[in-house]
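Chain residues, written in single-letter form:
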Amino acid sequence: MKTRYSFGGDEHIFCEVDEGMSLEAFFKSLSMTNAVRDSQIRGVTEICPANASFQIKFDPDQISPDDMLAELKTLEEQAASADHTLDTRIIEVPVFYNDPWTHDTLMRFRERHQDPNGTDLEYSARINNFDSVDDFVAAHSGSPWFVSMVGFVAGLPFLYQTVERAKQIEVPKYLRPRTDTPKLTVGYGGCFSAIYSVRGAGGYQMFGITPMPIYDPKQEINYLQDFMIFFKPGDLVKFKSVDRDGYDAALAEVEANKFEPLIRPVKFSLDDFNKDAAAYNAKLEGALYDN
Amino acid sequence: MTIKVLEAGLATSVQDQGRPGYYHLGIPVSGGMDLYALTAANLLVGNPADAAVLEATFLGPELEFTKDAVVAVTGAEMTPRVDGVDQETWLSFAVKAGQVLSFDFLKGGARAYIGISGGVDVPVVLGSRSTYALGALGGFDGRPLQKGDEVPIGSGGGTAGKSLSEALRRGPGSNVELRMLTGIYWHRVTDTAGARFLSDTWKVAPEADRIGYRFRGGEPLSFVEREQPFGAGSDPSNIVDGCYPYGSIQVPGGTEPIVLHRDAVSGGGYFMLGTVISADMDFIGQLQPHTPTKFVSVTMEEALAARADRSAMLAKMRDELA
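Top to bottom, those sequences are chains A and B.
Plus 22 on top of the position in the first sequence (first one is 1) and you've got the working numbering.
Plus 288 on top of the position in the second sequence (first one is 1) and you've got the working numbering.
A hint or two may mislead.
Stated by the list, open to error - In silico EDC-like cross-links for lysine to aspartate or glutamate, where the CA-CA straight-line distance does not exceed 20 Å:
hint: 1; chain 1: A; residue 1: K240; chain 2: B; residue 2: E365
hint: 2; chain 1: B; residue 1: K384; chain 2: B; residue 2: D371
hint: 3; chain 1: A; residue 1: K262; chain 2: A; residue 2: E282
hint: 4; chain 1: A; residue 1: K24; chain 2: B; residue 2: E515
hint: 5; chain 1: B; residue 1: K292; chain 2: B; residue 2: E352
hint: 6; chain 1: A; residue 1: K205; chain 2: B; residue 2: D429
hint: 7; chain 1: B; residue 1: K435; chain 2: B; residue 2: E454
hint: 8; chain 1: A; residue 1: K289; chain 2: A; residue 2: E114
hint: 9; chain 1: B; residue 1: K582; chain 2: B; residue 2: E515
hint: 10; chain 1: A; residue 1: K240; chain 2: B; residue 2: D437
hint: 11; chain 1: B; residue 1: K582; chain 2: B; residue 2: D488
hint: 12; chain 1: A; residue 1: K240; chain 2: B; residue 2: D409
hint: 13; chain 1: A; residue 1: K262; chain 2: A; residue 2: E307
hint: 14; chain 1: B; residue 1: K395; chain 2: B; residue 2: D497
hint: 15; chain 1: B; residue 1: K450; chain 2: B; residue 2: E365
hint: 16; chain 1: A; residue 1: K262; chain 2: A; residue 2: D157
hint: 17; chain 1: B; residue 1: K355; chain 2: B; residue 2: E295
hint: 18; chain 1: B; residue 1: K604; chain 2: A; residue 2: E114
What the hints assert, rightly or not - Simulated DEER-style distance windows between Cβ atoms:
hint: 19; chain 1: B; residue 1: A596; chain 2: A; residue 2: A102; range: 35 to 45 Å
hint: 20; chain 1: A; residue 1: R266; chain 2: B; residue 2: A493; range: 37 to 47 Å
hint: 21; chain 1: A; residue 1: R59; chain 2: B; residue 2: A596; range: 26 to 36 Å
hint: 22; chain 1: B; residue 1: P336; chain 2: A; residue 2: Y245; range: 29 to 39 Å
hint: 23; chain 1: A; residue 1: D293; chain 2: B; residue 2: S522; range: 43 to 53 Å
FYI, nobody ran anything at the bench for these hints, they're computed from the structure.
Backbone N, C-alpha and C fix where the C-beta goes; we use that ideal spot for every residue, glycine too.
Construct the entire structure; sequences and hints are all you get.
The structure is reproduced here in C-alpha cells:
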C-alpha cells in the first residue's frame with residue numbers, strides 16, 4: 023500500500039490509502055480517521071472515512087493547508103503501529119432476494135444493462151461463475167460484510183465482504199445509470215454491496231430489498247430516534263435471506279414500529295481473520311446468534 | 289407570522305449557512321449556493337448572518353405576507369415587486385400585512401436570496417434550517433416550497449431603506465473563469481488531455497442544480513493507461529469509491545465535467561481532476577445554463593489569497609450594515 027495525499031481545493035485533504043480495495047486499506051483508513059478525531063486538530067470540520075481512502079475538510083483560516091498535511095502524516099506513522107482490531111457491532115439485515123419491486127424496476131431499465139435478456143441476479147451469478155442464482159445468493163448472504171463507507175446520499179452504506187480475495191464477488195455497474203431505484207434496494211457495483219437509503223437514481227445491480235429502514239429524517243422509527251442514520255463505518259452486517267412471508271412479517275413489525283434489528287457487540291481482529299477467514303466468519307456468526 | 293406561498297417559483301427552498309459535520313454519513317452541508325449574497329440578504333434586514341432565507345432559482349415565487357416585515361433581495365438580477373411596484377435589489381424595503389411579494393423575470397445570475405426580518409423559522413435539524421431535498425431533511429418539510437405552503441417567519445426588527453454600496457454587490461459575469469487546484473486524480477489523464485481541459489471553453493449544461501453543475505462542450509479526456517485496481521470498476525474514469533470534496537470536478541467517462549456543490553453526493557466511484565477553490569463556489573451558484581466557462585489552474589497561495597479577499601469583502605459588508 024502506498025499512501026498518497028492531495029489537496030482538494032483550499033479546504034480538503036484527500037488521502038488515498040491504496041489504489042485498490044482491501045480490508046487492510048479499509049482498516050488503515052478507519053484507524054487514521056479515528057486518530058484524527060481523537061487528536062482534535064484545530065480547524066477540522068469534517069472527517070470522512072471511505073473504502074480505501076479518506077478525506078478531511080478543514081478551515082484554512084484556522085490551520086494552514088501545509089500544517090494540516092503535516093499533522094496527518096504524523097498520525098499516519100502512529101496508525102501504522104496500531105493493532106488491527108476493532109470493537110464494533112454485528113447486525114443482521116433481512117433481505118428478500120429477487121423480490122417483485124426491484125424486479126419490476128430492473129425490467130424497466132433493461133436497455134441500460136449489459137444483459138438485456140436476464141435479470142441482474144442471473145447476470146451477476148453467471149459472470150462470477152456460480153451454477154445458479156441460489157448459489158450466488160448463498161454466497162452473498164453467507165459471510166459477513168464490513169460497512170466500509172457511508173455516503174453518496176444520506177445514510178447509504180457501502181459494504182465489503184469479509185472473504186478472501188478469490189471469493190470476492192465483482193460486478194460492473196449498469197452501462198448507463200437508472201433514473202429510479204426503490205428505497206432499501208440491496209445493490210452491487212464493483213466489489214461493494216450497498217443499501218439504497220432513499221429512492222433515486224442508481225447504477226448498481228439490484229439483488230433484492232430489505233424491510234429494515236436505515237434512514238429516517240423524521241426520527242419516528244423506534245431504533246432511529248437517537249439518530250436518523252443507522253449505519254456507521256466499521257459496522258459488520260450479516261445478510262439473512264428471507265422469503266415473501268418473512269419479508270411481509272418484518273414489514274408488518276416495521277409498520278407497527280416494533281421491529282428491532284438483531285445487534286450484538288463484537289471484536290474484529292484482522293490478523294485472526296487473515297489466518298482462517300472461514301473459521302473467523304463462523305465465529306462472528308456465532309456472536310450474532312449467541313451460539 | 290407566516291407567509292403564504294401563492295406561487296412557488298421553479299425551485300425555491302429554505303437555506304442558511306449550512307449544516308457541517310455530517311458529511312461522513314452522506315449528509316451534505318447544504319445552505320445557500322451563493323453564501324455571499326445570502327449573508328447580505330440577512331444583514332440588510334437586520335438578521336444575524338446565519339438566519340434562514342429563501343433561495344429562489346431562475347424564477348421567483350409569489351408570497352403573501354400576513355404581518356408587516358422588512359425584506360431584501362440579493363444575488364440574481366430579478367426585480368422584486370410589492371403589490372406590483374418595482375423594488376431595488378440589495379436594498380431593504382417594507383412589505384405590509386396583506387401585500388404580495390412577486391418577481392420580474394430573471395435578467396442575470398441564477399439564484400436570488402430573499403431575506404425576511406426575523407428569518408424563516410422552520411425547525412432546526414442537525415444544527416441548521418437548510419433544505420437537503422435528496423434526503424428529505426430540514427427546510428420546509430424536507431422539500432422545496434410548493435403552492436399553498438404557509439412558511440413560518442420569526443419575529444425581528446429591521447429597517448427599510450438599508451442598502452449595500454455598489455462596490456460590495458456581486459453580480460455574475462458573462463464570461464466566467466473558475467479557479468481550481470489540480471490534484472486528487474489529475475495524474476489519471478494524459479498531459480495533453482489535462483492541458484486541453486484547461487484551455488477549452490466549457491458551457492454550463494441544463495443539468496445544473498444544488499447537487500452539482502455539469503459542463504459540456506470541451507474535448508473528451510484521454511486517460512493514462514493502467515490495469516484498473518481491484519474494486520475500482522472497468523471504466524478508466526472509475527476509482528474505488530471515495531469521498532468527493534465540495535467543488536471537486538469529476539468527469540464520468542471522461543466526457544462532461546461535474547462540479548459538486550452544496551448538496552453534493554458525498555462520495556462515489558468517479559475520478560476527480562481537481563477542485564474549484566472555496567472563494568469561487570458562490571459564483572457557480574449564479575451561473576445560468578449555456579454560460580461559457582473556463583477552468584483556470586491556480587496555486588494554493590493564490591487560492592488562499594482569493595479566500596482572504598472574499599473574507600475582507602464580507603468584513604466590509606458587516607461593517608457597512610452593522
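Going down the list of hints, with the structure as the test:
1. A/K240 - B/E365: 36 Å, violated
2. B/K384 - B/D371: Holds - the C-alpha atoms of B/D371 and B/K384 are around 10 Å apart, at most 20 Å.
3. A/K262 - A/E282: Answer holds: A/K262 to A/E282 is near 15 Å, not above 20 Å.
4. A/K24 - B/E515: Satisfied, since the Cα-Cα distance of roughly 16 Å is no more than 20 Å.
5. B/K292 - B/E352: 5 Å, holds
6. A/K205 - B/D429: 19 Å, holds
7. B/K435 - B/E454: 34 Å, violated
8. A/K289 - A/E114: 16 Å, holds
9. B/K582 - B/E515: Violated, at roughly 32 Å.
10. A/K240 - B/D437: The given pair, whose Cα atoms are some 19 Å apart, holds under the 20 Å limit.
11. B/K582 - B/D488: Distance of about 7 Å is within 20 Å: holds.
12. A/K240 - B/D409: This hinted pair holds, its Cα atoms lying about 18 Å apart.
13. A/K262 - A/E307: 11 Å, holds
14. B/K395 - B/D497: Holds, at about 19 Å.
15. B/K450 - B/E365: 18 Å, holds
16. A/K262 - A/D157: At roughly 14 Å apart (the allowed maximum being 20 Å), A/D157 and A/K262 satisfy the hint.
17. B/K355 - B/E295: 19 Å, holds
18. B/K604 - A/E114: Violated - the C-alpha atoms of A/E114 and B/K604 are around 56 Å apart, more than 20 Å.
19. B/A596 - A/A102: 35 to 45 Å: 36 Å, holds
20. A/R266 - B/A493: 37 to 47 Å: 43 Å, holds
21. A/R59 - B/A596: 26 to 36 Å: 29 Å, holds
22. B/P336 - A/Y245: 29 to 39 Å: 36 Å, holds
23. A/D293 - B/S522: 43 to 53 Å: 32 Å, violated
Taken one by one, the earlier hints fail for this structure at numbers 1, 7, 9, 18 and 23, listed in ascending order.
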